[in-house]
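S.K.: Given next are the chains, with one letter for each unit.
There are 2 protein chains.
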Amino acid sequence: MNFEMHLKSVAGDVETALSDLLPEPRGHQAVIMEAMRYATLGGGKRLRPFLMIETVRMLGGNLDNAMVAGCALECLHVYSLIHDDLPCMDDDDLRRGKPTVHKAYDEAMAVLAGDGLLTLAFELLASEAAHSDPSVRVRLVAELAKASGHSGMIGGQVVDITVVEGERDERLITELQAMKTGALIDFSVRAGGIICGVDDTALEQLSAYARDMGIAFQIQDDILDIEGDVELMGKAVGKDQDLGKATFVSILGLQGAKDRAKALGRAAKGHLAAYGDKAQILCETVDFVLERTH
Amino acid sequence: MNFEMHLKSVAGDVETALSDLLPEPRGHQAVIMEAMRYATLGGGKRLRPFLMIETVRMLGGNLDNAMVAGCALECLHVYSLIHDDLPCMDDDDLRRGKPTVHKAYDEAMAVLAGDGLLTLAFELLASEAAHSDPSVRVRLVAELAKASGHSGMIGGQVVDITVVEGERDERLITELQAMKTGALIDFSVRAGGIICGVDDTALEQLSAYARDMGIAFQIQDDILDIEGDVELMGKAVGKDQDLGKATFVSILGLQGAKDRAKALGRAAKGHLAAYGDKAQILCETVDFVLERTH
Numbered sequence: 002m003n004f005e006m007h008l009k010s011v012a013g014d015v016e017t018a019l020s021d022l023l024p025e026p027r028g029h030q031a032v033i034m035e036a037m038r039y040a041t042l043g044g045g046k047r048l049r050p051f052l053m054i055e056t057v058r059m060l061g062g063n064l065d066n067a068m069v070a071g072c073a074l075e076c077l078h079v080y081s082l083i084h085d086d087l088p089c090m091d092d093d094d095l096r097r098g099k100p101t102v103h104k105a106y107d108e109a110m111a112v113l114a115g116d117g118l119l120t121l122a123f124e125l126l127a128s129e130a131a132h133s134d135p136s137v138r139v140r141l142v143a144e145l146a147k148a149s150g151h152s153g154m155i156g157g158q159v160v161d162i163t164v165v166e167g168e169r170d171e172r173l174i175t176e177l178q179a180m181k182t183g184a185l186i187d188f189s190v191r192a193g194g195i196i197c198g199v200d201d202t203a204l205e206q207l208s209a210y211a212r213d214m215g216i217a218f219q220i221q222d223d224i225l226d227i228e229g230d231v232e233l234m235g236k237a238v239g240k241d242q243d244l245g246k247a248t249f250v251s252i253l254g255l256q257g258a259k260d261r262a263k264a265l266g267r268a269a270k271g272h273l274a275a276y277g278d279k280a281q282i283l284c285e286t287v288d289f290v291l292e293r294t295h
Numbered sequence: 002m003n004f005e006m007h008l009k010s011v012a013g014d015v016e017t018a019l020s021d022l023l024p025e026p027r028g029h030q031a032v033i034m035e036a037m038r039y040a041t042l043g044g045g046k047r048l049r050p051f052l053m054i055e056t057v058r059m060l061g062g063n064l065d066n067a068m069v070a071g072c073a074l075e076c077l078h079v080y081s082l083i084h085d086d087l088p089c090m091d092d093d094d095l096r097r098g099k100p101t102v103h104k105a106y107d108e109a110m111a112v113l114a115g116d117g118l119l120t121l122a123f124e125l126l127a128s129e130a131a132h133s134d135p136s137v138r139v140r141l142v143a144e145l146a147k148a149s150g151h152s153g154m155i156g157g158q159v160v161d162i163t164v165v166e167g168e169r170d171e172r173l174i175t176e177l178q179a180m181k182t183g184a185l186i187d188f189s190v191r192a193g194g195i196i197c198g199v200d201d202t203a204l205e206q207l208s209a210y211a212r213d214m215g216i217a218f219q220i221q222d223d224i225l226d227i228e229g230d231v232e233l234m235g236k237a238v239g240k241d242q243d244l245g246k247a248t249f250v251s252i253l254g255l256q257g258a259k260d261r262a263k264a265l266g267r268a269a270k271g272h273l274a275a276y277g278d279k280a281q282i283l284c285e286t287v288d289f290v291l292e293r294t295h
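Line by line, the protein sequences are chains G and S.
All residue numbers for the first sequence refer to the working numbering, where the first residue is 2 and numbers rise by one.
All residue numbers for the second sequence refer to the working numbering, where the first residue is 2 and numbers rise by one.
Worth flagging that the hints you see were computed from the coordinates, not collected in a lab.
Do not take every clue at face value.
Since the list gives no way to pick one copy over another, a pair counts as held whenever it fits inside one copy or between any two copies.
To be verified - The list that follows gives simulated cross-link-like pairs (lysine-lysine, DSSO-like), each with its CA atoms no further than 30 angstroms apart:
#1 K263 / K104
#2 K279 / K246
#3 K99 / K279
#4 K246 / K9
#5 K104 / K270
#6 K104 / K279
#7 K270 / K99
#8 K104 / K246
#9 K147 / K46
If we strip away everything but chain G, and leave its shape as in the complex, we get (with noise of 0.2 angstroms):
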C-alpha cells in the first residue's frame, strides 16, 4: 500500500473510532451533540492522528490505546477550528468544504460545541480506553492541557489575532506558529511515546521530529495560501495575503520558504535515524505534508 491509500485507510479507521466515542443525539439538549458531530464527522486527512497512530506503531505499542487518545487529540483540534471560525475571530464560513458550525447552526451553539469538544477531550483522554496505567493517562491530560493552553495552541491564537503587523518578523511568526499549531503537533508525536513508555531521551527526539516538521507544515500552510485551489483546500485561500499578514512566504520570499521547509523537513527525518526502518512512514509524513497541495 502505498502512503496515500495508507493514511486514507487509517482516517477512515479514525472516522470509524470517532463516530462511536462521540455521543449520540439525545436528551433535550441533542442538538449540542448533533453540532458536534456535525464538525468532527466528514472529512480531514486526521494528520494528528495519524501522527499519534504511527509513532505507536513505530514503538510496537497499543494501537487501540493510540486510536482512543489519537480521537480525544482531534476532538481538541476540532474546537479550536470552531472557535477560530467565529464572527469575532476569523469570521470564516466554511471549512473541510461545508458551512462552519456558526453558519450551519448558529454562534451560541459554535461556541457550546467547541466547549464540549474541548471537554470530551480530557474525557476520553482520561478513560481507561486510553491506557491501562492512570499515570500515564494523566500524564497525557496534563500534556495535552499544557500544550493546547495559554502558553500553547490559545496563546499563539491571541498572538495571531493581536500582535500588530509592525512587529511580525521571522522570530514572531516562528513563535507564533510553534504555539498555535506547532504544539499540538508536537503532542501528537509525544503521546505515542508517552503511551509506549519511552524514556526521556526517545521523548526528546521525537519532539525534535515533530517540531520540525510543525514549522514545515505550516511554511506549507502559507504557500499553499498563495498557490493553493480553493475548490481542493475547502476553505478560503489568499486570506492572509489579502489581510496583508506577514506569513513565512512573505518573510522569506516563496522560492525561500520552500528551501526551509525541505530543510526542515530533512532535519525531522534525521531526528528518527535510530530506528531505521521502522521510521518509514513518519518519514513519508514529511514527505507528504511538504507535498501536499490541500
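Assemble chain S onto chain G, guided by the hints.
M.R.: Chain S in isolation, oriented as in the chain G frame:
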C-alpha cells in the same frame, strides 16, 4: 468564628491560591493571562471550592490538595460564566459588579479567556499538587469532564437557551438545573470524597447531599431574581421574569418555592447524619444557601 466569617476567610485563601495558580501575564499573548486573571480574581463567594475544602476537612483529608482541586473547579466555573455572558448567549454586561470580559476586553478575548480557563482547570487537576496518587487525579479529571460536558453543565446551558417556553414544566427545569448548576455542585462535594479515598457508599451519600442542596440553591437563585437587590447581586435581576422564562418560582409560586427549598435543605442535611458534629459546616452551608440575599 461564625459561619459567614469562616466562609469569607476561606474565600480569601482561595483568592490567594488562585492568584498563585493563574499564569502571570507574559509573552506576546500577555493579554489573555490578564483577561483570565480579570475574570477570576477579585470577588465571588467561592462556594464550589468552599464545598470541596469543607468536605475534605469533614473527612480529615489533605487541605492543600482540596485547595488546588477547588481552584481548578473555580477556573472551570468562571469559564462557564464568561461564555454564558457572551452577546450570542445571555448578553450580560455586568458580573460580580464589574464589566463582563467581552465588555472589558472584546468578544474574541472572552471566548479565548474562557477556553484558557477551561483548559487550565484540567491542567491543575492533573498536576501533582492536586493529589500525590495519579489514579485519584485522573478520576478527578474524568468526573469533572463528565460533570461539565455535553451531558452536564454545557448540556444544561443548551437546554436553557433552546427549549421553548411551552415545554418548561417542573420536571424540565429540574432536569435543566441538575445539569446546568447541579452537576458542578455535585462534583464539588464528590471530589472531596475522592481526594479522601472514601468508598462508593459514602460517595453516594455526599452526592445526595449535594444534589438536594443544588436544587435548593437554584430555587433560591430564582427567588433572588424576583426579590433580590441589583447592588447586592452585582448583576442584573428580574431578567428571567422579564424574559417570561419559567422558573421554580413561576411554577411553584413564591411561597411554594420557599417551602420546597426548606424541605430540600432538611433532606440535604439528613444525608450527612452519619458524620455527626463533623458535618456542622456543611450543614450551615445549606442554611447559608437558603438565607443568602445575593
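S.K.: Hint by hint, note whether the structure agrees.
M.R.: Structure-based check of all given hints:
no. : hint        : verdict
1   : K263 / K104 : neither (38 angstroms within a copy, 45 angstroms between copies)
2   : K279 / K246 : neither (40 angstroms within a copy, 62 angstroms between copies)
3   : K99 / K279  : neither (37 angstroms within a copy, 58 angstroms between copies)
4   : K246 / K9   : neither (33 angstroms within a copy, 49 angstroms between copies)
5   : K104 / K270 : neither (40 angstroms within a copy, 48 angstroms between copies)
6   : K104 / K279 : neither (44 angstroms within a copy, 54 angstroms between copies)
7   : K270 / K99  : neither (34 angstroms within a copy, 53 angstroms between copies)
8   : K104 / K246 : both (25 angstroms within a copy, 27 angstroms between copies)
9   : K147 / K46  : both (24 angstroms within a copy, 28 angstroms between copies)
In this structure, the hints that do not hold are numbers 1, 2, 3, 4, 5, 6, 7, in rising order.
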